[in-house]
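Peer 1: Protein chains in written order, with my numbering: chain U, 4 to 608; chain A, 4 to 608.
Any given hint could turn out to be false.
Said to hold, decoys possible - Not close to chain U: a few residues of chain A, all C-beta gaps over 12 Å, as computed:
| no. | residue |
| --- | --- |
| 1 | V145 |
| 2 | F217 |
| 3 | Y302 |
| 4 | Y456 |
| 5 | A493 |
Said to hold, decoys possible - Calculated cross-link-like contacts (lysine-lysine; reagent style DSS-like; alpha-carbon spacing at most 27 Å):
| no. | chain 1 | residue 1 | chain 2 | residue 2 |
| --- | --- | --- | --- | --- |
| 6 | A | K594 | A | K531 |
| 7 | U | K607 | A | K520 |
| 8 | U | K332 | A | K474 |
| 9 | A | K520 | U | K588 |
| 10 | A | K607 | U | K607 |
| 11 | U | K466 | U | K332 |
| 12 | U | K474 | A | K332 |
For the record, the hints were derived by calculation from the structure and aren't laboratory data.
Note that the coordinates shown come from a computational prediction; the quantities given were computed from them, not determined experimentally.
Glycine included, each C-beta is placed from N, C-alpha and C at the ideal position.
There are 2 protein chains.
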Amino acid sequence: MLRNVKRLLIGNPLPSQRAKHERLILPLALAVLASDALSSVAYGPEQILLILTQGNQDALFLILPVALAIAALIWVVIFSYRQLLQVYPHGGGSYSVAKENLGVFLGFLAGAALSLDYVLTVAVSLAAGAAAIYSAWPDLHVNRVEVTLVILLFMALMNLRGIRESGWTFGSPTYLFIGSMFILLGVGFWKLIAGVSAAASPDVLTVTHSLDWFLILKAFSSGATTVTGIEAISNGVAIFRDPQDQNARKSLLWLGILLAIMLLGMVYLTQHVGLSPKPDETLLSQLGRWALGGSLLYYVLQLSTFLVLFLAANAAFSGFPQLAAVVAKDGYLPRQFRNRGDRLVYSNGIVGLAFLAGVLIYLFGAETDRLIPLYAIGVFTAFTLSQLGMAVYHNRHRQSGWRMRAALGVVGGLLTGIVALIFAVTKFTEGAWIVVILIPLMMLIPYTVHAHYTATARQLSLKGERNLPRKQPVVAVVPVNAIHRGTLKAIRYAESISPEVHVVHIGIDAEETQRMKENLERWCPDVKLEVLPSPYHSFLQVFNEYVESLQQSHPGVFLTVVVPEFVPKRPIQQLLHNQTALLLKLQLYGKEGVIVVNVPYHLKV
Amino acid sequence: MLRNVKRLLIGNPLPSQRAKHERLILPLALAVLASDALSSVAYGPEQILLILTQGNQDALFLILPVALAIAALIWVVIFSYRQLLQVYPHGGGSYSVAKENLGVFLGFLAGAALSLDYVLTVAVSLAAGAAAIYSAWPDLHVNRVEVTLVILLFMALMNLRGIRESGWTFGSPTYLFIGSMFILLGVGFWKLIAGVSAAASPDVLTVTHSLDWFLILKAFSSGATTVTGIEAISNGVAIFRDPQDQNARKSLLWLGILLAIMLLGMVYLTQHVGLSPKPDETLLSQLGRWALGGSLLYYVLQLSTFLVLFLAANAAFSGFPQLAAVVAKDGYLPRQFRNRGDRLVYSNGIVGLAFLAGVLIYLFGAETDRLIPLYAIGVFTAFTLSQLGMAVYHNRHRQSGWRMRAALGVVGGLLTGIVALIFAVTKFTEGAWIVVILIPLMMLIPYTVHAHYTATARQLSLKGERNLPRKQPVVAVVPVNAIHRGTLKAIRYAESISPEVHVVHIGIDAEETQRMKENLERWCPDVKLEVLPSPYHSFLQVFNEYVESLQQSHPGVFLTVVVPEFVPKRPIQQLLHNQTALLLKLQLYGKEGVIVVNVPYHLKV
């Protein structure tokens, strides 16, 4: 039954050889990989404004300078990834680059930071996607958390089925979003030039912060969430047509251009229209309503925003399981992350990511603003480490132009590192402290896991070739509470595998014991019933002591406990029987040197 | 660890021979057994008033006649139980009496009705006990459900520890309650005669029902909950000193006198003081406040009410598990109800009762008024059946005076039957429908259980003595994914129990397979590696098909699957390993003719 439900949700198993990618032409590949980066326009600019409006009215003029600084940051990251692709033309995650060039410790730091950020990408993107929807259809606002969780569940199932990253399905929403954004910006600037006034007068601000450097840096770091997602292109090199690295580098340029235009355009319009953040409508939606009115175009904008955010979250569902599989392959994460499911996807990584993202969404009420302080530290840490890794690489290999490239790596790394630091400090009390605590804790995982695997491999190894297991005589013990077809089958089995069989019974009722003795003598004359006295009702303890005494008197044998058990026709009927066999198995499970056999007797009715 | 928690909560195991009762002198035995019956005074009279106040002011004069009718009913039940004790001097529950004299079907009806009422006794008594407390200390009103559930949990643990029904601990609260009630009634009547007016003027009634027979009958049936608990004396005969039956019969008389005085006294005072039910204070507490003021005596009254209700609920914790054990002994309930735990109590019955009562308390918000419509139908059904059973008994045995006794049984039975019917009809829409549906459904349980046990016993029986299990050759299959100490131990074990060993591997990686072949040849030259091709990743299915083909080619053998498994030092480390062994066991569990052996390899680190 369970299997059928699984089939229905996940689909039939796929043969192993079908695990390969289709390759896409540049514009399509760009669209597929850019959703993560572009979608951050949906919440990044709003975050700048959200912080600046905590200052006085004067603070608002800072929005454009802050946005310009972020655009500059975008280009730093774009250039350093272009550098990276020259060295690692097949793409390379921060984890691999850092581990290779900076050592295991910093590799783990990058891995932990990235993992946390994958989880937050899912949570933030889905929350922002939900916000796009309820901005357009306010009635849906009520059950935000539930709606977001249902979408997450759907996404997890979709990924467990194994979606093929078909170019058109994944590329078209991105182009739809880009198109809507350009129409929005075009109409917006036209209206601005034509002198159409703002639809709504800006709300009077409640000043909660004085305008100081802290506020400006905070606004900057909030807006820096727009930079997230650029790394997706270098991780996804595999889907580009040849020459892969060149196409990927071109894509990065295009991505930088698109991202800068959208960010700056949106911020400029926002400032000049005089919009301010509202709790129940996103800034992008307000801008859309102002520019496009209630027209169809506005709804297309909102829907495409949702779709591109959905794809951004979905990108994490291919990124995280792959990262986990790579780390697991190195022996630093539980090896279950390497298991491909029936549908050839890394099911455990998918389930794990969905679970963690679900917890975050639930805890933070699916509110983007509350999730943002946790976000982006990981991304900027990973940026920093991969750029410093590149610097070390160039310093080591000293190919032509290495000085320039190493310097670029150091500068870029320091810059993004400073952003991470600004983020951690300015957002510390609002949630960044969680990340600051979590990342070091997460770094303990790979060390613990690796230590266990090494210890296991050493113990299982056949290199020290003495004391190897040998054939040994078998001694069988059969605990019985009555003589019937079920226990008789178990006794016969014990006789079949062993020349020495002990049939034991815990005596509580003398009369019953006598009857059993006679019965056993009649059906199995070669074995004797051994009766163990039990002053207490707990028979498990008495049996345990008996087994231990046998172990002592029979060293060097395979001591085998043969447990008779009947299997009812319907599992529910199991409830009508004492679970002695189960308890016995649990009790003996941890016992060294004891082997447990279940002899099932199948009931027909 | 779990075991230690259990020890702490439940205590150490007790030796089996300590399962016997201490015997008590009459006044003490009466007190121990009467708590259930007497405690119903705490809610019964209030229920009458609650219904009558739905009519107009005129309806209130009916409270005394209704109470008189209930007092008469009490005496009918008292007399019929005195009759019953003459025939069953060692006591007998309705289930046994009905089953013996009226047949299995009506026996099950009595059993189902009684079981349901035990659950309701717990729920109603605890809810009413909580009400007694928060009437005196209104601050505790807020978390009523939680407080009641915590008390229930405490009671269940106490019973799992096995309380000895020590006379003084259990008897003194009853006497304290009786004493407080008599002081209340004494002071009350003195004040009434002295002409002290009511403390509070009665509220103006909102008339929601016209005064008709339906309302009167409804009030009567609500008040009839006062009759519950009388059967406890006949169930508890064992604790009386000899001559047991005579002492028990005397106790019944005393109980009837006490119950009648308390009920009528309370009702008379209530009517003449002009009190009416309030949602946040019980009637008894109102009466107490009026008569005793804020004196210590008032708080003693409330506390003793709580204690006596607590004991009433506790009585169900010895009644239900015993009933379940008796029915299970007859083969009509899962035999786990017969298991005595470490502390010699019927643990499963206790846990089951606590769980069901907890569900009821939670669903009905721990409100007595809402639970009452479900209560008492069961008790009156059981009364009816045991009295009709007595009538049949006398008609069969025809001892001296049998006509008179049989007639009394029939009349008593009809009377209580009519009460049950009135209850079911007048309370139908308020919750009695649940009971009317539940009881027949519960009656299906014994039939289903018995059918399964009979079928099982028939299949396990050795009477048809052909086709008995015989010694058979053993064929062993060892699935391996690598050659190491763990799998080698499993292969050696397979070689030790069987001359024919198949070591199989699901081939996914050709290179790995080749390495395994060489390794196996080196360490175990007598066995060959069989490689099964797997087009899919799911190795379970491939292995399953292999086992099936072996079954077909080797009929009449004990086919044994030897599963290598390593046991890490700490259970948590299990998470770092693939759960292949577990999945394999689950897969093979339902498979007829296959025996599964686990060969554990214990890791040291």
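Peer 1: Determine for every hint whether it applies to the structure shown.
Peer 2: Outcome of the hint check:
no.	hint	in the structure
1	V145	26 Å, holds
2	F217	43 Å, holds
3	Y302	43 Å, holds
4	Y456	7 Å, violated
5	A493	9 Å, violated
6	K594(A) x K531(A)	26 Å, holds
7	K607(U) x K520(A)	42 Å, violated
8	K332(U) x K474(A)	47 Å, violated
9	K520(A) x K588(U)	33 Å, violated
10	K607(A) x K607(U)	44 Å, violated
11	K466(U) x K332(U)	23 Å, holds
12	K474(U) x K332(A)	47 Å, violated
Hints 4, 5, 7, 8, 9, 10, 12 from the earlier list are contradicted by this structure; the remaining hints agree with it.
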